[in-house]
Amino acid sequence: MHTRRQLLKLSLVFSLTPPAIIVAGCTQSKEEPFPFQTGDVVVPPRGCTDLRQSNSQGDCG
Amino acid sequence: MTEGQRAKLNRIFRLVKTNFVFAEDRGLDNWQMPPEGYNGKQLITDDCDGFCLACRRLLREANIRNRLVYCEMKERGKTYGHLVVEVEGWILDNRRDHVIPNSRIYDYQWLRISGYEPGDSWREIVDHRS
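Sequence order for the protein chains is A and B.
Sequential numbering from 1 applies to the first sequence in this note's numbering.
Sequential numbering from 62 applies to the second sequence in this note's numbering.
Because the hints were derived from the structure by calculation, they are not lab data.
Warning: the hint list may mix true and false statements.
What the hints assert, rightly or not - Looking from chain B toward chain A, a few residues come up when the C-beta cut is under 7 Å (computed):
| hint | residue |
| --- | --- |
| 1 | D90 |
| 2 | D110 |
| 3 | G150 |
| 4 | P162 |
| 5 | I174 |
| 6 | I186 |
Where is the CB? At the ideal position from N, CA and C, for every residue including glycine.
Excised from the complex, chain A in its bound form (with noise of 0.2 Å):
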């Protein structure tokens, strides 16, 4: 059983948050995709040069 007390909070709670922004955020963060944030230049993984060197497009990177 709540008391009174704790009722009025609920009510409170639930007056300034409302459910439907709750679940708008929810969906939003899983769907946005995030920005990869880079570093310093590395070599490319081995297969990208071996076509490099075999390419002359440089096409993989």
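Since the structure of chain A is already known, use the hints to place chain B on it.
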């Protein structure tokens, strides 16, 4: 990314995937360009890099900027290298059935990324959320 761009991305992914048969490289990893005149309808028998280079060719022709991403994944206690294509954080991966955002891939460790143009440098990926 607009809905139209997403649709274009999905069409290219489906086209390549439909005509792709996975086959592991024998010995060293061997990256092969798609054949001359490739338009997505020719059969590609290759591993992840062949799939990526085929997608990359069609994406470039559609003027969609894309990069290759090298990652690692663990399966049954072993670590495997894997390659995917990235377009504004959306991932084209031969192991998936759909184009999905990188934020929904939890089992890859993102390590290195190519540039957009041929000859661009590869860079380490220093920060990621997964």
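Hints versus structure:
1. Below 7 Å, beta-carbon pairs count as interface contacts, and D90/B has one with chain A at about 4 Å; its hint therefore holds.
2. Interface restraint check: D110/B against chain A, minimum CB-CB distance 5 Å, threshold 7 Å, status holds.
3. Taking 7 Å as the C-beta contact cut-off toward chain A, the hint placing G150/B at the interface holds, the least distance being around 2 Å.
4. For P162/B, the interface hint holds, the least distance from its beta-carbon to any beta-carbon of chain A being 4 Å, beneath 7 Å.
5. The interface hint given for I174/B is met, as the beta carbon of that residue sits about 6 Å from the closest beta carbon of chain A, less than 7 Å.
6. Satisfaction of the interface hint for I186/B is found here, the shortest Cβ-Cβ separation to chain A being roughly 5 Å, below the 7 Å cut-off.
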